[in-house]
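Just so you know, the sequences run in chain order A and B.
Quick note on numbering: the numbering used here labels position 81 of the first sequence as 81, and the sequence is numbered without any gaps.
Quick note on numbering: the numbering used here labels position 62 of the second sequence as 62, and the sequence is numbered without any gaps.
Just so you know, these hints were derived from the structure itself, not from any lab.
Please note that the accuracy of each hint is not assured.
Unchecked claim - Mimicking BS3-like on lysine-lysine, the simulated pairs with C-alpha atoms at most 25 Å apart in a straight line are:
no., chain 1, residue 1, chain 2, residue 2
1, A, K41, B, K37
2, A, K41, B, K5
3, A, K22, B, K37
4, B, K71, A, K40
5, B, K5, B, K68
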Amino acid sequence: ETGVTQTPRHLVMGMTNKKSLKCEQHLGHNAMYWYKQSAKKPLELMFVYNFKEQTENNSVPSRFSPECPNSSHLFLHLHTLQPEDSALYLCASSQVVASGGGEQFFGPGTRLTVL
Amino acid sequence: DQQVKQNSPSLSVQEGRISILNCDYTNSMFDYFLWYKKYPAEGPTFLISISSIKDKNEDGRFTVFLNKSAKHLSLHIVPSQPGDSAVYFCAASGGGTSYGKLTFGQGTILTVHP
Chain A
1 ETGVTQTPRH LVMGMTNKKS LKCEQHLGHN AMYWYKQSAK KPLELMFVYN FKEQTENNSV
61 PSRFSPECPN SSHLFLHLHT LQPEDSALYL CASSQVVASG GGEQFFGPGT RLTVL
Chain B
1 DQQVKQNSPS LSVQEGRISI LNCDYTNSMF DYFLWYKKYP AEGPTFLISI SSIKDKNEDG
61 RFTVFLNKSA KHLSLHIVPS QPGDSAVYFC AASGGGTSYG KLTFGQGTIL TVHP
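Please model the complete structure; the sequences and the hints are all you need to start from.
Here is the structure:
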């Protein structure tokens, strides 16, 4: 595997289900990100992890719970979601940069539908 | 409050002509700007970037221009090819300890007709 991979690619879940999204990067990066892309909206940053430590939580509801066990893996645990949470969830990675700069490499995303 | 805006939702261009995609930003602390391209069912792919200390960066058919006083950047694609048809996002970062946090525009759908 190369680059950034995400599983599953598609997920349909009910509002009472618990599921997890997985992201893995094979680039040797030490920063990982979760983004949400809703229809006709810009990509919204959700969480940032640098060297496994969460450095950014962009006011995300607690029904989304990230986990970063190491610099290569990132999870997003989902529980009691709402239909408006249906979106494309994208994972990205990059080298840690002090400020600005640095391109991020994205995975293909997980298309989530909440019924 | 959207800090990065792409005011044109779509752009249609003939093959071989120039494509110009525009992006405006409001946060004067941004010091690094990027363009990403996204095909359906794929994640965004990095295209080109520019630091605020420059006003132009060129990479093959792609050139990004930055006008700091106007808080405006643009991506020029010359010549445009049908394979360039995709959604283009501009993104910005900066402002101290942002650790590479990117703020994205809403995207412009580019269609290049043969």
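**Prompt:** Hey, K71/B versus K40/A, does the alpha-carbon distance stay inside 25 Å?
**Reply:** Measuring from Cα to Cα gives roughly 23 Å; hence the hint holds.
**Prompt:** Can the restraint linking K22/A and K37/B be considered satisfied, given a maximum Cα separation of 25 Å?
**Reply:** holds (23 Å)
**Prompt:** Going straight from one Cα to the other, do K41/A and K37/B come out at no more than 25 Å?
**Reply:** holds (16 Å)
**Pair hint K5/B and K68/B, alpha-carbon separation not exceeding 25 Å** = holds (15 Å)
**Asked** Taken at face value, is the distance from the CA of K5/B to the CA of K41/A at most 25 Å?
**Response** It holds: about 11 Å lies between the C-alpha atoms, which stays within 25 Å.
Of the numbered hints listed earlier, not one is contradicted by the structure.
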